[in-house]
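Asker: Sequence:
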Amino acid sequence: MPKLDSRFLATKLASVVCVLAACSCATTTASPTSALEKAAMTESAPRTINDSLSAQQLNDRVLAWLLSVNDARDLFGPNVEKRTGLDLGVAPETPSVFRGVGELPEGWGYSLSSVNDKPSQKLHAVRFQMGRTSDGYADMTPVCVSLEHYRNALVAAGFKAFERPRIGGTEYRVFKNGKVSIRIELHGKTAALDEQLCVSRVYVTAVAPQG
0 MPKLDSRFLA TKLASVVCVL AACSCATTTA SPTSALEKAA MTESAPRTIN
50 DSLSAQQLND RVLAWLLSVN DARDLFGPNV EKRTGLDLGV APETPSVFRG
100 VGELPEGWGY SLSSVNDKPS QKLHAVRFQM GRTSDGYADM TPVCVSLEHY
150 RNALVAAGFK AFERPRIGGT EYRVFKNGKV SIRIELHGKT AALDEQLCVS
200 RVYVTAVAPQ G
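Be aware that the sequence shown starts at 0, since it is given in numbering that gives the first Met the number 0, and climbs by one per residue.
These are computed hints drawn from the structure, not numbers from a lab. Here the structure is a predicted model, which is why all the values come from computation and not from measurement. For each residue, glycine too, the CB sits at the ideal point set by N, CA and C. No false leads were mixed into what you were given.
Heads up, simulated EDC-like pairs for lysine to aspartate or glutamate below, C-alpha to C-alpha not over 16 Å straight-line:
1. K121 <-> E92
2. K175 <-> E162
3. K188 <-> E105
4. K117 <-> E92
5. K188 <-> E147
6. K159 <-> E147
7. K178 <-> D70
8. K188 <-> D138
9. K81 <-> D59
10. K121 <-> D73
11. K121 <-> D70
Label pairs and their in silico Cβ distance ranges:
12. E105 <-> G177: 37 to 47 Å
13. N69 <-> V173: 10 to 20 Å
14. G177 <-> L146: 14 to 24 Å
15. D70 <-> Y136: 36 to 46 Å
16. A155 <-> Q55: 14 to 24 Å
17. I166 <-> Q55: 22 to 32 Å
Please take these sequences and the hints and turn them into a complete structure.
Answerer: Set out below in structure tokens:
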């Protein structure tokens, strides 16, 4: 299957990027990923390094970074780039504003970004998400990574697990250790209500550094 034409999609989606950025700055009870949010992940041409990973390798890198987060300083672009090895387009003068995108198999894409889009805003969260531009439910088989991939490692690292009620076709799991809160959103693997769940979005917040 041909790869996504990122430049073409960028032109089509430019008008909705600002709206998506504003909506995604909600609290950790934000609504499930919308089709527009998925589409916006291809708003800019991805760098080569960001297109060279499988979904499993990508999630491995995200998880390794999550396990290294101690406070809000670890949410800044340069630190996220260092831990993940991804190009996030970080500018030295605005380390709290970043967005890296990449392509995955069969028309899927992903983004790893700060939730704020202005340097004057306080960085309080980072969002990772995978999506596919489509009119209906997208079969996640090509990019499916199970909850256990995250849960086992996070629990072993001292995080406590919590479950939140399903909203629509999205399941929620939250992991906290007192300093870091991680919300994982899951979609059915082959259908919206499939018992087999795949990670679709990860949203992390952390406390301000002490001292």
